[in-house]
Every structure is written in structure tokens, then in C-alpha cells.
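Asker: Chain residues, written in single-letter form:
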Amino acid sequence: MIFSVEMIYVLMGIIVLGCSLYIFTDRTNSRRLTTGSFYLIYSITLMFGQIIPPFYIGLMVIIMVLIIAGGGLKKSEHVEESITVKEERRKRLGGRLFLPAILIPILTLAGSKLLDGVKIGGKALLDPSNVTMVALGLACLTAIIFAMVMTRGTPTGAVKESRRLLESIGWAVLLPQLLATLGTIYTNAGVGTVVSKAVTAIIPEGSLFWVVVIFCLGMAIFTMIMGNAFAAFPVMAAGIAIPFLINQFDANPNHIAAISMFAGYCGTLMTPMAANFNIVPAALLDLKDKNHVIKVQVPTALAVLAFNIVLMYLLVSLGV
Amino acid sequence: MVLIGVLLIMIGFVLRFNSAVVVTISALVTGMIAGIPITSIITQFGEAFTTNRYMSILIVTLPVIGLLEKNGLQQQASKVVSKIKAITVGRVLTMYLLIREVGAALGLNSLGGHPQTVRPLIAPMAEGAALTKYGKLPEKEQQEIRAHAAATDNIGLFFGEDIFVAVGAILLMNGFFEQNNIPADPISMALWGIPTAIFAFIVHAIRLRMFDKKLDKRLGSRGQ
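For the protein sequence lines, the chains are A and B, in the order given.
Going left to right, the first sequence walks through residues 57 to 376 as my numbering numbers them.
Going left to right, the second sequence walks through residues 8 to 231 as my numbering numbers them.
Hints are computed from structural coordinates only; laboratory data are not their basis.
We put the CB at the ideal spot given by N, CA and C, even for glycine.
Among the hints, erroneous ones may be present.
Said to hold, decoys possible - Derived list of chain A stretches under chain B, where covered just means 3 residues or more per stretch with a C-beta under 8 Å from a C-beta of chain B: (1) 129 to 136; (2) 193 to 203; (3) 213 to 222; (4) 299 to 312; (5) 354 to 360.
As the list claims (entries may be wrong) - Quick list of in silico lysine to aspartate or glutamate cross-link-like pairs, EDC-like style, CA-CA up to 16 Å: (6) B:K86 - A:E144; (7) A:K142 - B:E76; (8) A:K216 - B:E76; (9) B:K147 - A:E143; (10) A:K147 - B:E76; (11) A:K344 - B:E148; (12) B:K77 - A:D345; (13) A:K344 - B:E185.
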């Protein structure tokens, strides 16, 4: 293929590498060596993940986590530009400022729909293993160039701005990848089997209502612990949905699948473990309370969770 | 025994230790208890970390957002909204909730997102609406509005996306049932997500209306 997913990871790595170089030379940050090293190591794992043997990637991840644990990751001070300076710049471009941002979703969508399967000289244009990801990467690259031309910015300016945003996200940038990694280790260690056995033991025999309650609550709670509903589904479906709902109560798998995943998402709305959705935005929006987004989401999550339980119970008991 | 890892996560979470550290320790401990040799755990760790690099895709959007913010993106967004009269925080966010949820249901997940849309656009728009209406915005209310903006994005995305057939969750569940020899149909699965999606929209829209009323009460609407 001409554009592969690896190229997008290399692009991500280059951005992080640039940020780390700026941090290394920033004398106002008292922990610039450890902070810079953190981002340097991260950029290497992004760029060369496919080339470096996994054992060494594993060690590098552990070193990054040790830097976090030892307090070596420190945010640099960024001088906020005055409102008048920003206002001057804003006046120059006005509404056109939205264009590059809007370009990203439009190009991603167009690229993933129109260029999927397109071949040039017998080679696929976009990596068929993950068309959306490659399309998104290319859309961002186009938007970066467009934004630079429009704002008369430079690549170094773009990296400087990325560094400001990346540092405001901080260690949370690693969390989604770490959580997915945790799921793999749990599976290999057999955590799923143990959990499903334990759950199976506490269900009152013959009560459809309680089976549904424990299935939906289990999805939500397991998702809250793992931060990921995808990890909860195989465990809960194997432990409850198949043996009880489908085999015993004759439930239609198509009916209960989406509802159970939504029950899991209610859990996602209520846990700091879903860092990408709940903690990273709090950092991006400069919220003082890192759990503020979660607190706002809890009432909606609980209402939808209750609705899911009632809906699933009705669908299975009425045999629709 | 292997559940000790899950327990460690919960303890770490309750004691508010750094999540990245807790997750790593839990993975290492769980692997060791299960009798996996340490070198093998570290190898699996590195392998999974590499496979899941796509989770950090937001990094490629940072240069664009950063450049635009430097040139006054947030100021421009606030300006656009401040021109519109009689628009409230709740209405801005309800509108966004609708766009986000319908978009996700059509497979347009990239229409929103925290670094791409909420930070540069939706949060400043909502703040702008409050500023126009109340003339002032104390820090407490500003923080609440921002948290609501982020929450609206999540709720719209989550309860919209499973209605789209080609989404990961639907494919995962279909694959799981197939492996267990249970006949399933992704299109039917996606359609049965619609009642919950509608319910979630109604509940959250009502809550946003209530949030507007709360702001009215606390800040008092200017000139109305």
C-alpha cells in the first residue's frame, strides 16, 4: 500500500519528538531532563513500535511509568499571550479560522469512503487494515499544512503549540494505551474465567429479572473498573448472557447485544479509568476538578442504565 | 487469585494514586500471580502497547488545533455566538448533542471529539452564550459549563455510535456470538440500540434545560 497506518504512527512520533526537544531546552522547567525523556521515549515507541522487539517496548513503557511515579513529569510554564495580541490575530482571519478544523472530519470521511479500495499501480492507496485511521492521519496532515499557510505559521510554531497542548494533557496521554494493554494481560492470566464463575454463583436461579439486573450492572461496573466496555462484554456475555439469557430464557441475542453494550457505556460515563473521555477533556478544558465531567454525567448515566434494565427485561420476558 | 489485580485497581482508584502507575502495577502483578514469567509479561506488555497505538490518534490533531488557538480560534467562536441573541447554554449544548448523536449513528464519529471540537468550539460557544445572557461569568459557573460541554460530547457519541453497523462494538459482539455458534445479525443489533439512543437524548436534553434554569437563578438574566 502507498499510505500505511505505520506512517501515521511515525507522524504522531515526530510531533511528540519535537515536543520533547523543546522541553529538553526549556530552562524554566526544573524537571526538563526527566520530562523531556518521558516524551522522547514515548515518541520512540510510537515511531518504531513495529521494529523494536516487544520486550524492549515493554521495558520502555515501564520506564515511562517510573518517571510518572517518581514525579519526574512536570508541566512547563507557558506564558499566556495577552488578549489584545490574540484579538489582533483573530481580526486578520475571522471566520476562516474554523476552516482547517472543519476540514479534518470532512477529509477523513471523504477519504475513508472514496479512497477505500482505490489502487494506484496495483498498490492500495490507503492501508486496507485500517482505512479510517489512515484517512484521519492524512486529513490532519492536510489540515496542518492548510493552517500553516493560512496563519503564516511555521512547522516549528506548530510543534510549539502542540507541545503546549500535549503538556496540558500530561501523563493521561498514555492511559488509553495502558488500559488496552491491561485487558490483554488480564485475558492471558485468565481473569475473565474467574469473574464469570463468581458471577454465575450469585445469580438467584430462575429469576429473569435478577439475571438482567446483574448482567446490566455487571457490564457497567466491570466497565468502570476496566475503563472499557469492550473488555467487559466477553466476560459478562460468557458468564451470563449465553448460559442464562440465551440458553435458559430464550432471549434474542440481537436484542440484548446493543442494550448490554449501552449499559457498559453508562459505566464508561462514570469512571476516571476511561481517561480519554473523562480525564483528558478535564485537562484540555482546564477544569480544577479532574472528575468534574464525570460528576455531570452520572445522573444521565444512571437514568439510561435503569432504562436499559427495564427494556431488556421487557424484551426477553415478552419474547418479542 | 488472579483477581488480586482487579482488587489492586480498585484500591489504587479509591486511594487516588496515579492511574497510569496503578494500571501498570496491576498488569505486572496479575501476570506474575498467574505464573507467567516476568520476561514474557514485559513482552506481552510491549506487544499490546504497540498494537493499541491507534488509541492515541488525537496527537495528530494537536498541531492544527494549537495553531488555530494561537490565532484566536476560541475568541472567534465566542464572538460568533455572542452575536446571536436569546441563545442559552442549554440550547447550544442540546443542539450539539443532537448533531453529535445523529452524526455518530451515521458513522461520523469524527464530527466531534474533545480536542477537535469541544475545546476550540463548543465550550467557548457555551461560555459565550452565558456571557451574552448574564453579562458575567463567575469561575464556578464557567467550570460547570465547560464540564457540561465535555459531558454532552461523550453522551452524544456513546449512545449514537452503536446504531452504526460498522462500529467496533457491534463487530465485536457479532464476532463473539459467532465464535460461540449463536446466530446473530449486526444490522438487527444496531437497530435495537435505537430505543436507548432516543431515551438518552431526551433525558440529557431535559437535564440541559434544568441547567439553564439553574444558571438563570444563580446569575439572573440580564435585561429579561
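Asker: For each hint, tell me whether it holds in the structure or not.
Answerer: We went through each hint and held it up to the structure:
1. Check result for the region 129 to 136 of chain A against chain B: violated, 0 residues qualifying (beta carbon to beta carbon below 8 Å, three or more required).
2. Restraint check on the region 193 to 203 of chain A versus chain B: 6 residues with Cβ-Cβ distances below 8 Å, three needed, restraint holds.
3. Taking a C-beta to C-beta cut-off of 8 Å, the region 213 to 222 of chain A contributes 9 residues in contact with chain B, enough for the three needed, and the coverage statement holds.
4. With a cut-off of 8 Å between beta carbons, the region 299 to 312 of chain A has 4 residues touching chain B; three or more are needed, and the interface restraint holds.
5. Given a C-beta distance limit of less than 8 Å, the hint that chain B covers the region 354 to 360 of chain A holds, as 4 residues qualify and 3 suffice.
6. Taking the CA atoms of K86 of chain B and E144 of chain A, the gap is about 14 Å. The hint holds against a cut of 16 Å.
7. Distance restraint check for K142 of chain A and E76 of chain B: the Cα-Cα separation of roughly 9 Å lies within the 16 Å cut-off, and the hinted pair is therefore satisfied.
8. For the proposed pair K216 of chain A and E76 of chain B, the alpha carbon gap of about 12 Å is at most 16 Å, so the pair holds.
9. Simply put, K147 of chain B and E143 of chain A have alpha-carbon atoms about 25 Å apart, too far for the 16 Å limit, and the pair is violated.
10. For the given pair, K147 of chain A sits about 13 Å from E76 of chain B by alpha-carbon distance, which is consistent with the 16 Å threshold.
11. Between K344 of chain A and E148 of chain B the CA atoms are separated by roughly 12 Å; this keeps the pair inside 16 Å, and the hint holds.
12. Under the criterion of a C-alpha separation no larger than 16 Å, the hint pairing K77 of chain B with D345 of chain A is inconsistent with the structure, at around 25 Å.
13. Using a Cα cut-off of 16 Å, the hinted pair K344 of chain A and E185 of chain B is violated, with the two alpha carbons roughly 46 Å apart.
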